[in-house]
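Assemble the whole structure, with the sequences as input and the hints as a guide.
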Amino acid sequence: MFFPQFDEEVGLLERASRVVTQQLYSEKKALEAGRAHLEAEAQRILGEDHETNLTAAAIRFFITKVDLELKDLTEQLDSLNQKKSSFLHYIGEEGNYEVDELFSVLWAFTEEFRAAHRKFVVKKARAAKKKAPPPPVADVA
Numbered sequence: 001m002f003f004p005q006f007d008e009e010v011g012l013l014e015r016a017s018r019v020v021t022q023q024l025y026s027e028k029k030a031l032e033a034g035r036a037h038l039e040a041e042a043q044r045i046l047g048e049d050h051e052t053n054l055t056a057a058a059i060r061f062f063i064t065k066v067d068l069e070l071k072d073l074t075e076q077l078d079s080l081n082q083k084k085s086s087f088l089h090y091i092g093e094e095g096n097y098e099v100d101e102l103f104s105v106l107w108a109f110t111e112e113f114r115a116a117h118r119k120f121v122v123k124k125a126r127a128a129k130k131k132a133p134p135p136p137v138a139d140v141a
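Everything in the sequence shown is counted per the UniProt record's numbering, starting at 1 for the first residue and increasing by one.
The set of hints was computed from the structure by calculation and includes no laboratory data.
Built from N, CA and C at the ideal position, the CB exists for glycine as well.
Be aware that a few hints might be false.
EDC-like, lysine to aspartate or glutamate: derived pairs with alpha carbons at most 20 Å apart [claimed, not checked]:
| id | residue 1 | residue 2 |
| --- | --- | --- |
| 1 | K84 | E94 |
| 2 | K83 | D72 |
| 3 | K28 | D78 |
| 4 | K83 | E98 |
| 5 | K65 | E41 |
| 6 | K84 | D72 |
| 7 | K84 | E101 |
| 8 | K65 | E75 |
| 9 | K29 | E39 |
| 10 | K28 | E69 |
| 11 | K28 | D67 |
| 12 | K28 | E98 |
| 13 | K65 | E32 |
| 14 | K29 | E69 |
| 15 | K28 | E39 |
| 16 | K28 | E93 |
| 17 | K71 | E32 |
| 18 | K83 | E101 |
| 19 | K84 | D100 |
| 20 | K29 | E41 |
| 21 | K65 | E39 |
| 22 | K28 | D100 |
| 23 | K83 | E93 |
| 24 | K124 | E112 |
| 25 | K29 | E98 |
| 26 | K84 | E98 |
| 27 | K71 | E94 |
| 28 | K83 | E94 |
| 29 | K83 | D100 |
| 30 | K29 | E94 |
| 31 | K28 | E75 |
| 32 | K123 | E111 |
| 33 | K123 | E112 |
| 34 | K29 | D78 |
| 35 | K71 | E27 |
Pairwise CB distance ranges, derived in the manner of DEER restraints [what the hints assert, rightly or not]:
| id | residue 1 | residue 2 | range |
| --- | --- | --- | --- |
| 36 | T110 | R35 | 37 to 45 Å |
| 37 | Y25 | F62 | 16 to 24 Å |
| 38 | Q82 | E32 | 17 to 25 Å |
| 39 | E111 | K28 | 26 to 34 Å |
| 40 | A115 | A40 | 52 to 60 Å |
What follows is the structure, encoded as structure tokens:
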């Protein structure tokens, strides 16, 4: 089983911080509205002329594809919200943070922590160098 290292994966946080979930929900609503419009159009075509059943059938086929995409998007958004809630619980936070805001803060913290850690390591190495005893001098006889 492969467990990614945090240092290797933290860069993904910066990209994830650009995802605005409210925008995804807006796009989902627009897809649902478009789907309803297609459904109404298919019904209208069937009511006007039974000769155009192929057009209505094509629209209904497209609606089936849209339904699958909407189902998948809904499942992914539900999963994202569940994972967000789980993460907030894990770090002891409560509230309704947007995912992009949460990841932005986490990414910024991680970058600050890395910088501070590098400074600490350099300072520790310099201190160890200063404390190191000088190399022994060889006796010449």
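Handout entry: Structure versus earlier hints - violations, ascending order
Key = Hints 16, 27 and 30 not satisfied by this model.
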